[in-house]
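Engineer: Using the hints provided, position chains B, C and D relative to the given structure of chain A.
Residue numbers (the numbering used here), protein chains in the order written: chain A, 13 to 397; chain B, 13 to 397; chain C, 13 to 397; chain D, 13 to 397.
It is worth saying that the hints were derived from the structure and are not from the lab. Keep in mind that a hint or two might mislead.
For chains that are exact copies, the list does not tell them apart, and a pair is met inside one copy or across any two.
[Claimed, not checked] Computed cross-link-like contacts, BS3-like style, restricted to lysine-lysine with a CA-CA straight-line distance of at most 25 Å: (1) K252 / K294; (2) K14 / K161; (3) K15 / K28; (4) K14 / K58; (5) K57 / K252; (6) K161 / K294.
Protein chains: 4
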Amino acid sequence: MKKINVAMVGGGFMGKTHSHAWKNAVHFFDLDVQPVMKVICDNNKKTAQQYADNWGWAEIETDWQTLTTRKDIDIIDICVPTYLHHEIAVAAARAGKHIFCEKPIALSAAQAQAMYEAAEASGIVHYLNHNYRRCPAVRLARQLIEEGKIGRIFHWRGAYLQDWIVNPDFPLVWQLQRQYAGAGPHFDLNSHSVDLARYLVGDISRVTAMTSNFITERSVAEAGGPTAFSAKTSRKSTGKVTVEDAAFMVVQFENGALGSFEASRFAPGRKNYNYFEIYGSKGSCAFNFERMNELQVFSRDDPANTQGFRTILATESVHPYMAAWWPPGHIIGYEHEFHHAVVDFLRAIATGGSIEPNFYDGMKAMQVLEGALESAETGKRVTLA
Amino acid sequence: MKKINVAMVGGGFMGKTHSHAWKNAVHFFDLDVQPVMKVICDNNKKTAQQYADNWGWAEIETDWQTLTTRKDIDIIDICVPTYLHHEIAVAAARAGKHIFCEKPIALSAAQAQAMYEAAEASGIVHYLNHNYRRCPAVRLARQLIEEGKIGRIFHWRGAYLQDWIVNPDFPLVWQLQRQYAGAGPHFDLNSHSVDLARYLVGDISRVTAMTSNFITERSVAEAGGPTAFSAKTSRKSTGKVTVEDAAFMVVQFENGALGSFEASRFAPGRKNYNYFEIYGSKGSCAFNFERMNELQVFSRDDPANTQGFRTILATESVHPYMAAWWPPGHIIGYEHEFHHAVVDFLRAIATGGSIEPNFYDGMKAMQVLEGALESAETGKRVTLA
Amino acid sequence: MKKINVAMVGGGFMGKTHSHAWKNAVHFFDLDVQPVMKVICDNNKKTAQQYADNWGWAEIETDWQTLTTRKDIDIIDICVPTYLHHEIAVAAARAGKHIFCEKPIALSAAQAQAMYEAAEASGIVHYLNHNYRRCPAVRLARQLIEEGKIGRIFHWRGAYLQDWIVNPDFPLVWQLQRQYAGAGPHFDLNSHSVDLARYLVGDISRVTAMTSNFITERSVAEAGGPTAFSAKTSRKSTGKVTVEDAAFMVVQFENGALGSFEASRFAPGRKNYNYFEIYGSKGSCAFNFERMNELQVFSRDDPANTQGFRTILATESVHPYMAAWWPPGHIIGYEHEFHHAVVDFLRAIATGGSIEPNFYDGMKAMQVLEGALESAETGKRVTLA
Amino acid sequence: MKKINVAMVGGGFMGKTHSHAWKNAVHFFDLDVQPVMKVICDNNKKTAQQYADNWGWAEIETDWQTLTTRKDIDIIDICVPTYLHHEIAVAAARAGKHIFCEKPIALSAAQAQAMYEAAEASGIVHYLNHNYRRCPAVRLARQLIEEGKIGRIFHWRGAYLQDWIVNPDFPLVWQLQRQYAGAGPHFDLNSHSVDLARYLVGDISRVTAMTSNFITERSVAEAGGPTAFSAKTSRKSTGKVTVEDAAFMVVQFENGALGSFEASRFAPGRKNYNYFEIYGSKGSCAFNFERMNELQVFSRDDPANTQGFRTILATESVHPYMAAWWPPGHIIGYEHEFHHAVVDFLRAIATGGSIEPNFYDGMKAMQVLEGALESAETGKRVTLA
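Excised from the complex, chain A in its bound form:
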């Protein structure tokens, strides 16, 4: 089996899911290429070494730029905070490396566009890791839509709710600082929802939005806490939260559907509540990541006395990706989406094809998100180009 060398940049939480997927995807899926965990790169050498020791990355680097010059690297996996995506991705693309990039794509639509153009210019395979597209239940929703089971779509209702910063004592991590994260849940969470909406409903043409801040000042993280590639911490004992705490949008899709997006980190009890409902002329479906193995589907074609939302446990071998895993009813978890992403990414490389979502999708979603921020600021509805 042909081998293909991977270098991963960044060693935080996401590096764990990525390492796991690079290591194990090949055990469950038939692949024509085998990923080799060649280099882990983190500007904190100790972190890099820990990743190498624990996950079996063969070598460590502390300067990501060396990766672009090494001939033996085929794939660069970008796992660092958002503000670094643009620079690394553009350099990697120019160096002809395939790119597996964490979301959100970048700090702005302009950065995203530059990434997209660089990637296309060099002909590499570029992937943006909106992992939820590869949840089997979500992919099933897509199949039903493609088969016409939902019909003409009237509504998208998306919400992505978490509660990890409700406590005022939670510190000022990089995700709460605009220079590193670009925005708050609007980029972190709504970016996922917009990606799913584009995947399942289509492009968005108009947006109106409002945002809120509930806690504006937080203690700075302890010294030494931030991992490499993350934000520098202030020396003051508290710092200003420079991103929104919640962002709600109403949109119109190009196909006429009316939609909503609601992202918040101030929803106690919602842990990773990535939720959507889609309503169409033939039926409806609903998804909640916290029960990610299930899809709710309603069909107006069912007999009049037995219509109702079905809870489909998407763990049958006929469901997307599931033949590779366990028997029906033996559910899978969050990390499996990353395995699926690695599989599809490697297959795209092997066949000379492409994969979605990619930097184009990231750019399009970022245009919507920027439009929403503009609307929130100006008080005016924004029409997207």
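Structural biologist: Chains B, C and D in isolation, oriented as in the chain A frame:
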């Protein structure tokens, strides 16, 4: 027991729930006054007679204006299509009749304000029948908020979804015509949601909104079909739908909470899905009318390892109104809300007090709804006075 | 409309639901006969008078035997504790009165058989009020089974769980004394489940069972507490619980299905959890009374990738009984089952027909329940005749 | 880090989950010993080689007996059909190998006892893989019980339902033949439930049971189909199903609780529905493996108006095992239980301790299961020694 005479105007679907409540509330609740079903008024004499025969209304009238001149009428119950509310309510108020009025309050905030001023000027008890406030689970939510169990409120997420006009063959009933209904689900459904949001969260200060139409032309209802007080049907075989099919809003509350409202009649599988979630600094709650006996409550005060949304079956004798009904776990239905409304309305009259929601609440909600329509039209966020 | 005179014996909780149904069924359903609330009978005159005053029963009696001799009584509604059913029913039947009888039918299968034989001998309409058969969602389950949607039935899994006597301070009410109740939850709750199982699956041929007691001594109810027709209270400060607290059975049905029944009053959190699941060769269904408007249905005929349990909200006009009530999604409650029972009972009288469940069904179910008690006592499986 | 050599016997579905866990547990958990995937043994050499190639087992063997003589093997992982467990386990124990054994333990309680005695005699660490004990939500249930949150236990209600053989065309696999499997779902599924019940409630003292067969003859599997260590297929085109299709039990626990167990492979719509409810004097809990990240908990200590079952999403770092995985709300799946088992097993070896469930637990559960089969056959309740 003191008797108090009721005259109900209108004999449609709502007349059924009202008649049932006037007749039976007294059997379940201790009341100091006993309502007497004195007059049913409908401009269609046959309809009026049917109501009298079936429900025991003692007399019939066909002209509502006579009611305002009759000395023996204490309460006028307004159960007619929206466009007639203003005229009847103002006249009834001036005649010193207590008013039990169906929602939405009127065609406009100006009409609502006139109703409110007339009612206050004459010192009558006025009630606007947003029945969901008197669902025991909803009232429980209010109690928890008052007790501080939810804390500072961050979010309201309301949706009111139905699917009764998804079929393009559904005819052009009065609810789909602006001159009779004022607006579509925005007035019909969002009015309920805004009333609940004001009850549970507080007043709204800013709103941005978008609306959509999915089916713009429908067949006119069959000749003879419309009941009295309903719209005249056109002679053409089809007519134009002059109200929106869906209306989505994002709002900011005066207390800083960020909220959303989504009303649609194009949500297959949702029958009377009056749904809300409230998130606060101490906890959260969620309600779905289709499971109206339940309230979901999350508390951040629970031990860390046993936090989770509780499904409270609000059928215990400690829950609002429930001591009057059945043992725990023996659930109640839609109509019971109307019984509770009648009980509280009669008690307000007996004690010389007032009841909420009333015409003031209707006026305030209508200002929000009108602001949203303005926003949808102009593309600009609207700040409420 | 022909009038038919009702006399109700007993003025406890059940008298409330019955009075409500006798009073209101006629307002919602087309009936050829109109029930007249003629006599309320309770050996406590004050209770009887309260019922007459509150519910409009025209006259009171304190001796049920006078009812059997009055020519102007057509129906006797038996609403008293179990130990009185047999005597009243046999007398009523012999007097040619139609009988509407609360469940469980009696203290023993022998009593039930005598009731059945007396009723049949006199040609009256006899009804045993296992109200859950007339829940629209349950009746829908029956329709699906009759239409072959479930196929050959493999399993019945029934549970009826409550928690009202978990508190050791709860007093020794008549339901906890064998001489008045016959048995504990086995008669009170399993009788409902066995009735539903017979309705939906068929007759039972073999049974094995075990019972348990968790609290064996309780305080006697306060003096004066028990209403008429209820048990005499002991003078001692505590008394012995003489019925089981929980009864679990495994059964085989005549059609080969393997089933289970689990009744308990010691299940904290379950208020009136009358639950069943049915599994067959074509599909499955599940019901929980605490969400009585819903039926869960699974069909093996659905496409392989969209199979799942549907939550059918049985509130459409196509669902049994629902056309008489509210629009879709506007749910009904516990008491509506009693209205449906009154309607079907009156129609049986009007047409000279019969109604199920009746004393035959009560007798058959009681044979199963007695067999289970025998099994619990002897440790041997019991084959029913 | 000290290395410890593992040899796995058997290469079917379970070999996949075991291989995955041996390979990855070390990446997520801090361990003092590192498992080395030394030998895969299957009597079908091709299967063994495939496992070696795919999962990185270093060597292959085709005769399990050689493993017991190899000095370089520390752990034998028994992943073969049930009928082979006893022989391999006894030999492995005598050879001083630690044993990680799939469930059900063996064909009989006598075999299980022999395994237990051999294991104890040699002082090895023995583990029986009832994986559900290591589901975080299940372990949370145990913690709550230990902390007294459930109080005195009244009831266990267990069900384990699947539907994979409802189709009559499903072939006669080894699981349907008594000589290979010992029994049907009673051993396969009830063994899991009994293990959980013993873990959470305690030992069982009395049992009564019934079983059923719905399809008695099935086609034999295609030639060449069965993997090594599985049953020989008959040459006839059909063969007799020699195990039950469903087994229902009622039991009494030593602590007085009344319980039920219902196992079936004929429950359409239930895929891996390993379900239980526990009711006690202080509260209740409920678990459904198909939503394995959730535990339902009811507490009588909650305020009267806010009691209700909580849905605890057991994905917080305070929940058992979860600190090793993902952030809250990012759920885990079936396979993670195997990782947890490997971790605890290795820790037991490292510390010279033991682990539960082990062969003692397997023996105790098998005594209950055998008692139930005796009861089903004789029609008599069986008291366990």
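Engineer: Next step is simple, just say for each hint if it's right about the structure.
Structural biologist: Okay, the hints, checked on the actual structure:
For the homomeric pair K252 and K294, the shortest alpha-carbon distance between copies (23 Å) is at most 25 Å, but the shortest distance inside one copy (48 Å) is not. Proximity of K14 and K161 under a CA criterion of 25 Å is satisfied in neither setting, with 40 Å inside one chain copy and 52 Å between copies. When the C-alpha separation of K15 and K28 is checked against a cutoff of 25 Å, the pair qualifies both within a copy, at 22 Å, and between copies, at 23 Å. In the homo-oligomer, the alpha carbons of K14 and K58 lie at most 25 Å apart only across protomers (23 Å), although the nearest pairing inside one protomer, at 31 Å, exceeds that limit.
When the C-alpha separation of K57 and K252 is checked against a cutoff of 25 Å, the pair qualifies neither within a copy, at 30 Å, nor between copies, at 65 Å. For a Cα distance limit of 25 Å, the shortest separation of K161 from K294 qualifies both inside one copy, at 6 Å, and across copies, at 23 Å.
In summary, the structure is inconsistent with hints 2 and 5 from the numbered list given earlier, while agreeing with the others.
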